[in-house]
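Q: As a plain string of letters, each chain reads:
Number of protein chains: 2
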Amino acid sequence: MSATTKTIAIDIAENARRVRDEMRAPFTKSQKIYVEGEQPGVRVPMREIHCSPTRTEAGLEPNPSVTVYDTSGPYQDPDVEIDLLAGLPALRAGWIEARADTEQLDGPSSEFGQHRAADPATADLRFGHIRPPRKASDGANVTQMHYAKRGIVTPEMEFVAIRENARLAELRAEYEAAGYLRRQHAGQGFGARLPAEVTPEFVRDEIAAGRAIIPNNINHPESEPMIIGRNFRVKINANIGNSAVTSSISEEVEKMVWATRWGADTVMDLSTGKHIHETREWIVRNSPVPIGTVPIYQALEKVDGKAEDLTWELFRDTLIEQAEQGVDYFTIHAGVRLAYVPMTADRLTGIVSRGGSIMAKWCLAHHQESFLYTHFEDICEIMKAYDVAFSLGDGLRPGCLSDANDAAQFAELETLGELTKIAWEHDCQVMIEGPGHVPMQLIKENMDKELRDCFEAPFYTLGPLVTDIAPGYDHITSGIGAAQIGWYGTAMLCYVTPKEHLGLPDKNDVRDGLVTYKIAAHAADLAKGHPGAQVRDNALSKARFEFRWEDQFNLGLDPEKAKEFHDETLPKDSAKVAHFCSMCGPHFCSMKITQDVRDYAAKQGIEAIPVAVETGMEEKAREFREQGGEVYRPA
Amino acid sequence: MSATTKTIAIDIAENARRVRDEMRAPFTKSQKIYVEGEQPGVRVPMREIHCSPTRTEAGLEPNPSVTVYDTSGPYQDPDVEIDLLAGLPALRAGWIEARADTEQLDGPSSEFGQHRAADPATADLRFGHIRPPRKASDGANVTQMHYAKRGIVTPEMEFVAIRENARLAELRAEYEAAGYLRRQHAGQGFGARLPAEVTPEFVRDEIAAGRAIIPNNINHPESEPMIIGRNFRVKINANIGNSAVTSSISEEVEKMVWATRWGADTVMDLSTGKHIHETREWIVRNSPVPIGTVPIYQALEKVDGKAEDLTWELFRDTLIEQAEQGVDYFTIHAGVRLAYVPMTADRLTGIVSRGGSIMAKWCLAHHQESFLYTHFEDICEIMKAYDVAFSLGDGLRPGCLSDANDAAQFAELETLGELTKIAWEHDCQVMIEGPGHVPMQLIKENMDKELRDCFEAPFYTLGPLVTDIAPGYDHITSGIGAAQIGWYGTAMLCYVTPKEHLGLPDKNDVRDGLVTYKIAAHAADLAKGHPGAQVRDNALSKARFEFRWEDQFNLGLDPEKAKEFHDETLPKDSAKVAHFCSMCGPHFCSMKITQDVRDYAAKQGIEAIPVAVETGMEEKAREFREQGGEVYRPA
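Chains A and B are the protein sequences, given in the same order.
Letter by letter, the first sequence follows residues 1 to 635 of the UniProt record's numbering.
Letter by letter, the second sequence follows residues 1 to 635 of the UniProt record's numbering.
Okay, chain A solo, but in the shape it has when bound:
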């Protein structure tokens, strides 16, 4: 053992404890709950946010808890023991075994996997509890699409159906009574078909039709099933793993757990450097969400960065290596065809996708069609043996507004459609990656073309950024585009952090990126008219109007930041229960006005609804006013 690897090993162990402790703290007033399904072992995690009662003249009126979709896995469940050195419980192992269509191998079947397993130089970096990989039995196809097409409702499908509903049917009466369902506006879905309630059969049919995917490799049984498709909630992805420094294994695990805490539905591990293989194992074993990768990155490492030295055989070995570790979806840039490469010649920013550049370089060097394209059916064979989903990469995506929606980009998109059909013949699950940098008026064309040319396979976009002029704020330039393309039909949004184009995101950047993308995804759900999407908005707005500050924080996407901002102005704890704001004064308060309005309306025969009235408000209001407080600042 070298001194360096020993240090790394210690670092991993120490960090594992710290990360575990940090990540275990639940959000204030939030509680992990589980909803049982009908199939054995289907136990769907959700988060319940508790609310305090409304104080009325008649007394206290309880406000129901709000149940929200939860991506954080078991980390915030005090009943689950977490040990990052051991990995998460294998939630789906029983389901996979029960299907009896897979076999456990003796060890990795990839050459590279075998080599790394036996390499003493990385012994200290290796995750300590590597399971032998599982693979489809001879001739079997273990994809969720394959089951769906045969009419089978898997436990994974039931799981996601329950998960998507977030107990809306069960809680409807309570929500209604509290005003949480008041005036949820009709959506504009642009052809999306959102059911009032997601059933397991609906999930199955969407997967069979190729309109949705559940990325869950049989070698990642720790993952909680989630679905990506435009007739479901819009999902978000976080990219991690950008550092080539070996000591960062624990940092990458930390970022992954951190990302799921802030709402990442999937995580892409884009690690580079010497220990990609080992880093990935640590991440997958501890991840409650599907993990995606871009296998060509690792393949390129294996040929020392010389794109022209890449071969199908080496790439194939890399796919198997990663599939057997449990990667849930692969970005495959098979749409970068030789003929499209010259179409980028007059672009302002050429080819900005790393995978796209690699394949373009290979095509030019060999002057032949890319092996990803010519071996596409061979790739399908691997994908279906582990149920790895395709994320067909947009290697020719625009890197600036000027290059948006050009011939190269759209030619590739058409090819991705052609490849989707081939993948579907193999019952492989497919999603399609999209841009990039696109001005607002050109966004919808991307979505419409994707739906048409790729037969409604789920779209998975990076942003898009709607302007190029704000480095340092590209979570915002892209969040604007993401909200729109999510509304138009994109199924998953790949986040962009404030550091995009400038440097490596740290934990704060990851949080900023994720909250921004949760906003975009939720705004899209609301605009599409997702059933129940407005419950949380209404609950929070009610809390805001009634000056239930703590509830307002807790119902928000980032309770910690909301509280911190509030406390900068009003540091006293008492302020958080006091019923006042700058609109109030000793003689003036919007709450009071509302009461007056309701009384007046009642007199005129318009039905009034219960209203909160607070005692001691005048004194508090004066106190607040004297501090110079202003909370609602009208234009």
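Take every hint as true, because none was put in to throw you off.
Covered stretches of chain A (in silico footprint by chain B; criterion: 3 or more residues with CB under 8 Å from a CB of chain B, positions within the stretch not fixed):
{"hint": "1", "region": "348-358"}
{"hint": "2", "region": "478-486"}
{"hint": "3", "region": "499-510"}
{"hint": "4", "region": "516-524"}
{"hint": "5", "region": "531-540"}
{"hint": "6", "region": "593-602"}
Worth flagging that the hints you see were computed from the coordinates, not collected in a lab.
Please read these numbers as outputs of a predicted model, since none were measured by experiment.
We put the CB at the ideal spot given by N, CA and C, even for glycine.
Starting from the known structure of chain A, arrange chain B on it as the hints suggest.
A: Showing chain B alone in chain A's frame:
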């Protein structure tokens, strides 16, 4: 002089020096320039951002500077002496005098103004160089709309025409040669009519038609004319002045200057507390941008917060007081009619506009129509005597998604249309305020209804916020909505800071809010197809692609933050000129690929364009890679 006011006076003087010094530093590689007009004294400020050359195989190819719209006034001009205690030069004084339709009064004509001028208690707080106010001569109407309707092109109109163009015609050839005009995409304007070049006559005609306004009170001759209308660049407003603490006069002046530095086209002073009058004088005298206020706030202070004690006479005196100080536009909530108030009774969050609440309370207390509505023509008489523009307030705007686009909101909007017509009969300039909290699918209805019901008077919206669930991130929830409504036709966007709903924005929040709104406004300009809007994007993207890091920072909306983020990962100065990124390796670099692609295309007869090639790249790339650098992180 009390000890307190003495302290405040010292504080003002000290801060004035510090603020002046901080605010005078120009952005790196930026230079203030002026474009002369034909009319005397028309000298339009702009900012020129210098770019370094592209290094090609053939040598250095210069990149032209980019000229951008500049809101920062004389503060960044080293040739102008700045003294906050003396105020800015009276740029427009000569134009106003030359029209010979105004007279200089002996002193304030409002009772309150007279009282404050003579009050020894505030002597130390008073701005030291108060000019006697100016007013229209008997029977005269001094609004820009009045001149426009008579066919006159004022110097103000010529000024804004030159300003809007940002030298595009003059620089077109240079821009074209450098690729800055490459593929600016056709816009989708939803009925906007953006001319290829803005002429003074076009400005005049838009103002005469009521589709645009130039808010510039004759008592604010320090202001640089700017135009608000959907056939011009989308503008942004910053709210300041939220503190009631008297010592904050200098802080508010600082925030105003700071806001203009970050792109505020107008600033609203929403100050409350004991020294509103004095604070406003300081702000107006030092502001290069139009100042807006909500006079009812101060009126309410004058009756100790008792809305029911408000009278027309008191409000009238407040209007005159503020008009004579130089406020450029007034928010007037004249659309809150008695009959609409009960329509808010069943809302989730009632009336959230402070002005709306005040007027609703008054209407209910007196059970009669609001004096703003009944005295609307009297208000017009005041507005046209000073050229104060109307910003017709949306007192019934929704405070949450649930209340969006409801009967109360839209009834008020229809009334604002009715009032617009009346104001126009007086040749008063008008814009219309809009929401608020609106889910994406309901945004366009707001815009369409405003255009229809208010006859294309400029729309001025707060956000809208597209979800309620992200306190702490409402610059983003609202930036998403602002970009969209700007695209649809809103002329000015009122910023929202991250502290919205939570507390007082500090300088960082103001900057975050403004940069977010510059992004939204620029994205809207691009989507509408504003001529030349893409120049800055293309110049920045070209710099990015060529690894001209400093140019990339300097061309961005916030060069300081971009540089700071970059330096966190790559602190060495050398990194900022080195041509590499993570896509590069010793054998692999997107720049190199692009060269290959272009060579290949050239061989095939496709015309290639010049490309940057850098020496020493391989070594730099290796170095960067070993540091774990990753700059472009593809999905």
